[in-house]
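Chemist: Spelled out, the chains give:
There are 4 protein chains.
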Amino acid sequence: MRYITAGESHGEALVAIIEGLPSNLFIDVEFINNELQRRQGGYGRGGRMAIEKDEVHIVSGVRHGKTIGAPLTLEIINRDYTNWKDKEIPPIARPRPGHADLAGAIKYNQRDIRNILERSSARETAARVAIGSVAKLLLKELNISIKSKVLEIGGVKTEEEWIKVIEEAKAKGDTLGGIIEIVIEGVPIGLGSHTQWDRKLDALLSYHIMSVQAIKGVEFGLGFEAAKRPGSLVHDEIYYDKEKGFYRKTNNAGGIEGGISNGSPIVIKAAMKPIPTLLKPLTSIDINTKEEVKAAYERSDVTAVEAAACVLEAVCAWVIAEESLKKFGGDSIEELKRNYISYLEYVRNF
Amino acid sequence: MRYITAGESHGEALVAIIEGLPSNLFIDVEFINNELQRRQGGYGRGGRMAIEKDEVHIVSGVRHGKTIGAPLTLEIINRDYTNWKDKEIPPIARPRPGHADLAGAIKYNQRDIRNILERSSARETAARVAIGSVAKLLLKELNISIKSKVLEIGGVKTEEEWIKVIEEAKAKGDTLGGIIEIVIEGVPIGLGSHTQWDRKLDALLSYHIMSVQAIKGVEFGLGFEAAKRPGSLVHDEIYYDKEKGFYRKTNNAGGIEGGISNGSPIVIKAAMKPIPTLLKPLTSIDINTKEEVKAAYERSDVTAVEAAACVLEAVCAWVIAEESLKKFGGDSIEELKRNYISYLEYVRNF
Amino acid sequence: MRYITAGESHGEALVAIIEGLPSNLFIDVEFINNELQRRQGGYGRGGRMAIEKDEVHIVSGVRHGKTIGAPLTLEIINRDYTNWKDKEIPPIARPRPGHADLAGAIKYNQRDIRNILERSSARETAARVAIGSVAKLLLKELNISIKSKVLEIGGVKTEEEWIKVIEEAKAKGDTLGGIIEIVIEGVPIGLGSHTQWDRKLDALLSYHIMSVQAIKGVEFGLGFEAAKRPGSLVHDEIYYDKEKGFYRKTNNAGGIEGGISNGSPIVIKAAMKPIPTLLKPLTSIDINTKEEVKAAYERSDVTAVEAAACVLEAVCAWVIAEESLKKFGGDSIEELKRNYISYLEYVRNF
Amino acid sequence: MRYITAGESHGEALVAIIEGLPSNLFIDVEFINNELQRRQGGYGRGGRMAIEKDEVHIVSGVRHGKTIGAPLTLEIINRDYTNWKDKEIPPIARPRPGHADLAGAIKYNQRDIRNILERSSARETAARVAIGSVAKLLLKELNISIKSKVLEIGGVKTEEEWIKVIEEAKAKGDTLGGIIEIVIEGVPIGLGSHTQWDRKLDALLSYHIMSVQAIKGVEFGLGFEAAKRPGSLVHDEIYYDKEKGFYRKTNNAGGIEGGISNGSPIVIKAAMKPIPTLLKPLTSIDINTKEEVKAAYERSDVTAVEAAACVLEAVCAWVIAEESLKKFGGDSIEELKRNYISYLEYVRNF
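Protein chains in written order, with this note's numbering: chain A, 3 to 352; chain B, 3 to 352; chain C, 3 to 352; chain D, 3 to 352.
FYI, nobody ran anything at the bench for these hints, they're computed from the structure. Any given hint could be a false lead.
Repeated chains share a single entry, so a pair holds when one copy, or any two copies, can fit it.
Said to hold, decoys possible - BS3-like cross-link-like pairs, simulated, lysine-lysine; straight-line CA separation at most 30 Å: (1) Lys-244 - Lys-151; (2) Lys-87 - Lys-55; (3) Lys-68 - Lys-339; (4) Lys-159 - Lys-339; (5) Lys-328 - Lys-89; (6) Lys-172 - Lys-282; (7) Lys-296 - Lys-282; (8) Lys-339 - Lys-244; (9) Lys-149 - Lys-246.
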């Protein structure tokens, strides 16, 4: 299974193609749209969210509500596009610190930084949420579920405090990041592999998580805290129970040992930096004149940590779905489930 | 460029094949061996290090000291193998918490856990150091260098304290992890890409870093700290100087913005958990009898943070070398450098 | 560079995403549309061609006519879709010999064969022609060109005879295939590689060519004839001329030796089987009743050899473009060309 | 599953790593060695075959005779190496037409053509036969078998004639190619896919086949002949029988329709060109002086069609094994077979 996303922030649409889905998976469009709307919510979002109200349109890969083995095309129209398409849009020459603006313009030899920011924009994460929703639908068939929780915004930990720091930041023309926890439950023992570097489940999850806009750190289980404790207070002792099979009383490993899921919930934390587009802009350089200027301002939010939580759920769902398909095979949901169930039975009898 | 490693901890040898190296790269075997020996050093290592004294043997891909475009085979003999090969080795039934032991045995349907631990062992990182050394040799041609520093062992920050906590852990039959910083200097603006999730430089680095045995967290620049500060105290303002071109006075981003290298040093921190093999073993379950037992003990170290630092340098070197080849092309070192130099000139004139 | 296509024959649209194109490539939409119309032409086509009149719509990846490094989304609307979307379409239970119908239905657990044929249909090749047209635009920048020629239809070799055998086949409710030659000129010495199986240029071309619907054979240069002659009458002797550099007087190898382009035109022949949808249908089995029936009939052509020639040009253009990017690198057309020109100069002085 | 081969013709050894094999596959070394010796046989081979007598050495991935999920390293020592390693070997400046010599030297910027021919040599196919033998062992577990037959050598079709034309060619210092048929039996319905170009089974097989040294053409079933006949005489009508399920009375498609295996034997023909190293060498150019010379001579055979047949079996076995693992999943042979058997039962009841 693989996917590619396409589309610019103010282009006609975001498009994603998912290739390799099994057939006969019911594509619950309402569920996908709910997920898209979760991504648009959260305190601290700017005006664009009101315009957008994202909805997925399925262009290919589904008949009578179910996948047919063919590639799925997901399209999310940019409602803002009609306002943009005939406008004369002046080029941007003042790169924003913290964005791809400057490095992107140099890499791709662009004098109008809009040609970079249109694609580097977090708008792209709408496509990933749609993709992740499809992965979640597949995982539901295997009784695997994914949740997230915002742990911190701007360094504080309660919803009450969040509102306060967000309002303060807004007043100052500043922005905030935060910390998110993702928990994946129901993952069977045995996804990922210790046998080759690129097959380790935590490595794969990190690859996808760190690819999400604004994420600067990721950790599994105790994470950085594990580096401080002695081994006797880190590793999760192994127990056995006829009902549960092998199990743990602690989950400091975050559900992955040696690159393989161990049957405990997978627990990940990720750090999101503050949005780099500031209403009160930072110092920058005009790429043409080389003079010191203030960075460009592009409509933006104060914070988007809650949105990022949805996106992180989505990319994690993808990894688990993909690894499930690799391990269990199957071209139809029926075949996948047949193989899956027979594996679970094998595990119970190991 | 790609690589695969193979080999078990007490097998005949570790083997790695690197495919896609440009020709005419001088392979400095002494340099590779020095790197291998750096990996074996550090306070807190156990007895195996004395036995090993790793040396690389180049089986293919080099003539008269230089690559010829053909795949490079690197072999590191396990000196311990001769002691093992004719021994009767009893099967292991007591999985060690924190290792791939239990999940691996179930995934691969093995009753002798040795069949898992032989491959999941951190012994494999010797192959990665050899591979990374080759990448470093390539990066030297482009004036890119990689260093690492141990920041913490067992939660303390000075060498003096390290010795103390290591000795204490050793006395208790316990183990320690730590925190490592990697710094990559000389990376040009423009490696990685914002255009697709799987091409982002920080995502690629995370993928490789998190694939290293025992790593549980990774962060770029400020990392988790960035989640706590307002945007105005995070993003690195942009300056310009005729000599230096575009530059920054801070490096909170850790050298990567929007998934693209921005010309500042790339700064990464990684968290290593304590080694999961404890002299005073943890509680486990016999996979055959299902009775509670103490986990198996396999000769091991108290801590290997300094070794892990070498390994992390190696995997980061690989990523930067691979991305350089993708961006600059070239089948010979001469062609790569020609393209590289012409790009650097273009950047200066942007 | 990579691409995925999506879309069903009677779905809303065909969609393709191309990822990894350099920036600043002018996307000549008229040229792409001309290529799409070439695909729709040729003697022996059925009624659908009249309905279709394909045109590409570019959803993403282009601003002011040029690529921006972002993924290109190409969409080709199925004009027939509006006629189909609200129709009650009866399921198909009678698989057509020569199509994916039966094997596809079993693989993907489908009782309505339409769920297979909608995707296996050669309609998908419109997407590939659009993709290939983009590749051709890139190759034009490197002075590389691709042409094709129909050598045979239904076993005969002149246009006059073709019309005759096509009319005869039509009258009988039968179909015809043919043989196509593709010639790629201007390919520099050095694309592909002898060093690993999956990097050989002829292997890559075969992979793409054989993936085109209805292609059953492929050969390079003399091809099967080379198997009959002695080596002294096969291998192309090497000459040198100050102007031309190394050159050949013959081209029995078809431009590739040891998996590497050798500077001669790349010459490929491919065999297309007759279209498997016959107006006078073949014997089949109802997949539900298991009774002997006549295969389903789905509107189709008598022959599509001329169309296939366009498609083969397209997939070959893709391979050469992709290999050029691998060898020469470059994120913008300017960087690609700079590297390319410096390589050509190097070759001249070798 | 994936593999990389490494090693030069007169280097120390050929090495291959296979990654992704299921565990608990019995690795029958004797079988692999028999296959290696089949590759060395056949009328028309030169002196090297007597020296070689290839034997595989398994460096990693196997314990107690069975795979453990870890990468398999296969090593084939070049017995000739001891004679070569301390020799002063003069550089080669006279490229042989039909080899990678000239294009390779230019691509990789080599003045000594030996640096190219050492890797482009068909010696590499020994590694592929070893790899293919492992694939065959896996396929045996699924009751899939692969055979080959030489159909022609030098344009003639009987063994008697072969000996004659080979002796004639030898006397003239010339070489011969031929045509080979590969037949794969027992492949279930449903390998490969029509849904995306790069997943079609015939495309994958062509990719691997055309990557074999000296292969210039490939066709499936009727192949080029299919291009000449009307559809009614090409497509294989579908029948059903309670015992056999769906079946065909003809196999003009060669077992693949729409990129998917259809349950009939897969039948492939491949054309091998004459060996390009001629005892009576062809005209060439000295790459340094640019003067007309005779091509270099490197010890070689008159023909190697029988050897190539073994190699083609090997690469086809690989493709079928890899596709089986993709479709059926499974980390151990037991899991693979469990899933496979349950699929076969499903097919019987379709």
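Chemist: Hints first: check each against the structure and report whether it holds.
Modeler: Hint by hint, here is what the structure shows:
For the homomeric pair Lys-244 and Lys-151, neither the shortest alpha-carbon distance inside one copy (32 Å) nor that between copies (47 Å) is at most 30 Å. When the C-alpha separation of Lys-87 and Lys-55 is checked against a cutoff of 30 Å, the pair qualifies both within a copy, at 19 Å, and between copies, at 26 Å. For the identical chains of this complex, Lys-68 and Lys-339 are neighbours both inside a copy (16 Å) and across copies (29 Å), given an alpha-carbon limit of 30 Å. For the homomeric pair Lys-159 and Lys-339, neither the shortest alpha-carbon distance inside one copy (40 Å) nor that between copies (50 Å) is at most 30 Å.
With identical chains, the CA atoms of Lys-328 and Lys-89 are never at most 30 Å apart, being 47 Å at best within one copy and 37 Å at best between copies. In this assembly of identical chains, Lys-172 and Lys-282 lie within 30 Å of each other by CA distance solely inside one copy; the values are 10 Å within and 54 Å between copies. Only within a single protomer do Lys-296 and Lys-282 lie at most 30 Å apart by alpha-carbon distance; the minimum there is 9 Å, versus 60 Å between protomers. Proximity of Lys-339 and Lys-244 under a CA criterion of 30 Å is satisfied in both settings, with 24 Å inside one chain copy and 27 Å between copies.
Taking the closest pair of Cα atoms, Lys-149 and Lys-246 come within 30 Å of each other only inside a single copy of the chain (22 Å); across copies the shortest separation is 46 Å, beyond that limit.
Going down the numbered hints, you'll see the structure goes against 1, 4, 5, while the others check out.
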